[in-house]
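Visitor: These are the residues of each chain, in order.
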Amino acid sequence: DAGVTQSPTHLIKTRGQQVTLRCSPISGHKSVSWYQQVLGQGPQFIFQYYEKEERGRGNFPDRFSARQFPNYSSELNVNALLLGDSALYLCASSFQGGSGNTIYFGEGSWLTVV
Amino acid sequence: DQQVKQNSPSLSVQEGRISILNCDYTNSMFDYFLWYKKYPAEGPTFLISISSIKDKNEDGRFTVFLNKSAKHLSLHIVPSQPGDSAVYFCAAREGYGGSQGNLIFGKGTKLSVKP
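Residue numbers (this note's numbering), protein chains in the order written: chain A, 1 to 114; chain B, 1001 to 1115.
FYI, nobody ran anything at the bench for these hints, they're computed from the structure.
Every residue, glycine too, gets a C-beta built ideally from N, C-alpha and C.
Please note: incorrect hints may appear among the correct ones.
To be verified - Across the chosen pairs, the derived CB separations fall in these ranges:
| id | chain 1 | residue 1 | chain 2 | residue 2 | range |
| --- | --- | --- | --- | --- | --- |
| 1 | B | Lys1054 | A | Asn77 | 31 to 41 Å |
| 2 | A | Lys30 | B | Gln1003 | 38 to 48 Å |
| 3 | B | Ala1070 | A | Glu54 | 14 to 24 Å |
| 4 | A | Leu11 | B | Lys1107 | 19 to 29 Å |
| 5 | B | Lys1107 | A | Ser73 | 29 to 39 Å |
| 6 | B | Lys1068 | A | Asn79 | 22 to 32 Å |
| 7 | B | Met1029 | A | Glu53 | 28 to 38 Å |
| 8 | A | Glu51 | B | Lys1054 | 20 to 30 Å |
| 9 | B | Asn1007 | A | Trp110 | 42 to 52 Å |
| 10 | A | Val114 | B | Glu1058 | 27 to 37 Å |
| 11 | A | Ala80 | B | Lys1068 | 20 to 30 Å |
| 12 | B | Ala1070 | A | Asn79 | 23 to 33 Å |
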């Protein structure tokens, strides 16, 4: 069975540009979350979506947005990129949004902003 | 203020011995704790979890212990193998109210298992 898949795996953008990252959850999983990991830190929660509705939002600026599609895949958008947005962006999926289910991560999308 | 703390940035252990990774938390509303292992350039891999109503969970070489009164959990790996060398993250899940199901991570502990 396929795990959580993310695309692209690596990308380089220029300051001020916009980026869209994509995620397909594990088959049957309805909840998708996004995390940002910078070097030397643990992943930080950005968004959670469950059944296409936003269920949680971390402490990130409005430049960050996301959505979930009817097939439960998800996109993370970041506008007006800053150098500090350079990080590994991780997508995680679980069967259900809020009850004791393991959360599985994809391999991540490495974003470099120059 | 960090709600999940892994105070040891690194740990070195001899192959075959026990590795003990520690994690402290401050929020008594966390309802689930998870451990992840991460290799460079890969996403975190789930290892083991424990509900806040339990005090121990075991899966093969991995055992997690939870001490709620001390707000402390630990991951024991026995016996340690060179392939266990990686960064280990402790994560706590916020229960209901607020963001349902999001994880709060520690900064990680880099485990090196020497042959």
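Visitor: Going through the earlier hints one by one, which of them does the structure break, listed in rising order?
Guide: 2, 3, 6, 7, 9, 10, 11, 12
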